[in-house]
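Student: Using the sequences provided together with the hints, build the complete structure.
Following the working numbering, the numbering of the sequence shown begins with 1 at its first residue and continues without gaps.
Do not take every clue at face value.
[Claimed, not checked] Quick list of simulated restraints, FRET-style, between CB atoms:
1) Glu145 <-> Glu14: 25 to 31 Å
2) Tyr62 <-> Glu145: 18 to 24 Å
3) Asn117 <-> Ala174: 23 to 29 Å
4) Val67 <-> Glu14: 35 to 41 Å
5) Asp168 <-> Asn12: 53 to 59 Å
6) Gly163 <-> Arg40: 43 to 49 Å
7) Thr52 <-> Asn117: 16 to 22 Å
Because the hints were derived from the structure by calculation, they are not lab data. Note that the Cβ used here is the ideal one computed from N, Cα and C, for glycine as well.
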Amino acid sequence: MSYFYDNEYYANKEHAKQVEGLDIRRYVASGIVTFDLVTRQVKWSQHLDLTTDYITHRAYVYSSPTVIDLDGDGLLEVVVATSVGFVYVLGHDGEPEEGWPIQMGEIQAQVVVADVNDDGELEVVAADVRGNFAVFNRHCKEIWESHLGSLISAPATVADIDGDGHTDLVVGSASGKVW
Numbered sequence: 001m002s003y004f005y006d007n008e009y010y011a012n013k014e015h016a017k018q019v020e021g022l023d024i025r026r027y028v029a030s031g032i033v034t035f036d037l038v039t040r041q042v043k044w045s046q047h048l049d050l051t052t053d054y055i056t057h058r059a060y061v062y063s064s065p066t067v068i069d070l071d072g073d074g075l076l077e078v079v080v081a082t083s084v085g086f087v088y089v090l091g092h093d094g095e096p097e098e099g100w101p102i103q104m105g106e107i108q109a110q111v112v113v114a115d116v117n118d119d120g121e122l123e124v125v126a127a128d129v130r131g132n133f134a135v136f137n138r139h140c141k142e143i144w145e146s147h148l149g150s151l152i153s154a155p156a157t158v159a160d161i162d163g164d165g166h167t168d169l170v171v172g173s174a175s176g177k178v179w
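Tutor: Pasting the structure below:
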């Protein structure tokens, strides 16, 4: 989610002391909150980015997170990207996994997680508005990157497109090309 300071909360004089000297209308932040659907209680929350609202790359989350057991330990991780350009992998407890986040350009597309190199391990696939298309292993190491030359705002599709038994990635760009 993307969020702003709560004007009603900070209208209280005691709370206003916490942000004294700040124009709270000029800030935007992003974060993740998980809920227990049985108890309707917050399980955990994690702040991601904070920026001013008048810069080019604001702290927005434009796409849904990907929830998957990335490391095979039986617990789900949350993979999400922000418009600041960070790709986060958060553990089942909401804490960033070792080595994450990594930074690219502004990211609008949902991050995809799949075994894209057929090695039996899941990889993280991210694309940014600068046309960078990259694959990382679960340890945050870049496997490969390609510059496609145009804004990418939709997630990649993962499938064996040509029927050769190997996984392929398909992504479209704002130039109208499909890669």
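Student: Is the hinted range of 53 to 59 Å satisfied by the C-beta distance from Asp168 to Asn12?
Tutor: holds (55 Å)
Student: For the hint 18 to 24 Å, verify it against the beta carbon of Tyr62 and that of Glu145.
Tutor: holds (21 Å)
Student: Verify the CB-CB distance for Asn117 and Ala174 against the hinted window 23 to 29 Å.
Tutor: holds (27 Å)
Student: Cβ-Cβ distance between Val67 and Glu14: within 35 to 41 Å?
Tutor: About 38 Å separates the Cβ atoms of Val67 and Glu14, which means 35 to 41 Å holds.
Student: Please test the hint of 43 to 49 Å on the beta carbon pair from Gly163 and Arg40.
Tutor: holds (47 Å)
Student: Holds or violated: 16 to 22 Å for the Cβ distance of Thr52 and Asn117?
Tutor: violated (39 Å)
Student: Is the hinted range of 25 to 31 Å satisfied by the C-beta distance from Glu145 to Glu14?
Tutor: violated (49 Å)
Hint violations for this structure: numbers 1, 7, all remaining hints satisfied.
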